[in-house]
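Model the full assembly from the supplied sequences, consistent with the hints where possible.
What follows is the residue order along each chain.
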Amino acid sequence: EVQLVESGGGLVQPGGSLRLSCAASGFTFSSYSMNWVRQAPGMGLEWVSYISSSGTTMYYADSVRGRFIISRDNAKNSLYLQMNSLRAEDTAMYYCVRRRFDYWGQGTLVTVSS
Amino acid sequence: DIQMTQSPSSLSASVGDRVTITCRASQGINNYLIWFQQKPGKAPKSLIYAASSLQSGVPSKFSGSGSGTDFTLTISSLQPEDFATYYCQQYNSYPYTFGQGTKLEIK
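As they're listed, the protein sequences go chains F and L.
Numbering (this note's numbering) for the first sequence: 335 to 448.
Numbering (this note's numbering) for the second sequence: 107 to 213.
Hints are supplied without guarantee of correctness; some may be wrong.
As the list claims (entries may be wrong) - Calculated cross-link-like contacts (lysine to aspartate or glutamate; reagent style EDC-like; alpha-carbon spacing at most 16 Å):
| id | chain 1 | residue 1 | chain 2 | residue 2 |
| --- | --- | --- | --- | --- |
| 1 | L | Lys-145 | L | Asp-176 |
| 2 | L | Lys-151 | F | Glu-380 |
| 3 | L | Lys-213 | L | Glu-187 |
| 4 | L | Lys-151 | F | Asp-436 |
Note that these hints are calculated values from the structure, not bench results.
Okay, structure coming up:
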């Protein structure tokens with residue numbers, strides 16, 4: 335069974351940093367590209383970032399480019415999102431999502447507030 | 107960026123009804139379109155990919171159609187568990203973009 339389990343969310347002050355993790359199981363993680371998608375409270379879905387299966391190609395939404403860094407460790411079956419210079423508008427549930435958006439984690443909530 | 111516009115934003119229907127939701131892309135997306143269902147407090151669930159292919163395990167009451175820039179999701183014989191918010195998403199080019207969502211409510 336495919337499972338994606340996010341962790342690392344929490345309350346952080348504006349300008350702070352946070353690192354999200356996603357533990358993958360039930361499939362050959364190293365063969366799949368991965369995405370992060372977020373959803374602000376009561377709002378729609380926003381794609382955040384993509385990383386290729388090898389970790390050599392990354393893409394970002396304009397809203398996070400230069401502040402967020404996506405990475406992966408295929409030996410640990412893990413996906414990461416390093417979030418720096420956080421803003422109030424980054425407050426959202428963050429989902430780890432497999433390549434074709436067929437499997438999603440349960441999400442981890444990030445709240446940016448003073 | 108490709109803009110995805112869904113209509114309607116909200117929809118009231120009764121159990122047993124058939125409903126259609128529309129998604130329009132600001133440019134051609136080569137049928138690289140996914141439809142999702144999201145229930146409150148839950149992660150989205152993929153229903154349809156490549157505009158018209160049913161995701162494994164999804165009942166055939168859900169169907170997708172369209173090409174080019176105009177796409178539709180049809181849900182037949184609505185049941186109580188179908189009342190949720192539905193999103194379309196293009197995965198033709200980065201940044202991937204979602205429609206704003208259609209909230210399907212019980213009449």
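Comparing the hints with the structure gives:
The hinted pair formed by Lys-145 of chain L and Asp-176 of chain L fails the criterion: a straight-line CA distance of about 25 Å is larger than 16 Å. With a CA separation close to 15 Å, the supplied pair Lys-151 of chain L and Glu-380 of chain F stays within the 16 Å bound. Pair hint Lys-213 of chain L plus Glu-187 of chain L holds up; C-alpha atoms about 14 Å apart against a cutoff of 16 Å. At roughly 7 Å between alpha-carbon atoms, Lys-151 of chain L and Asp-436 of chain F fall within 16 Å of each other, so this suggested pair holds.
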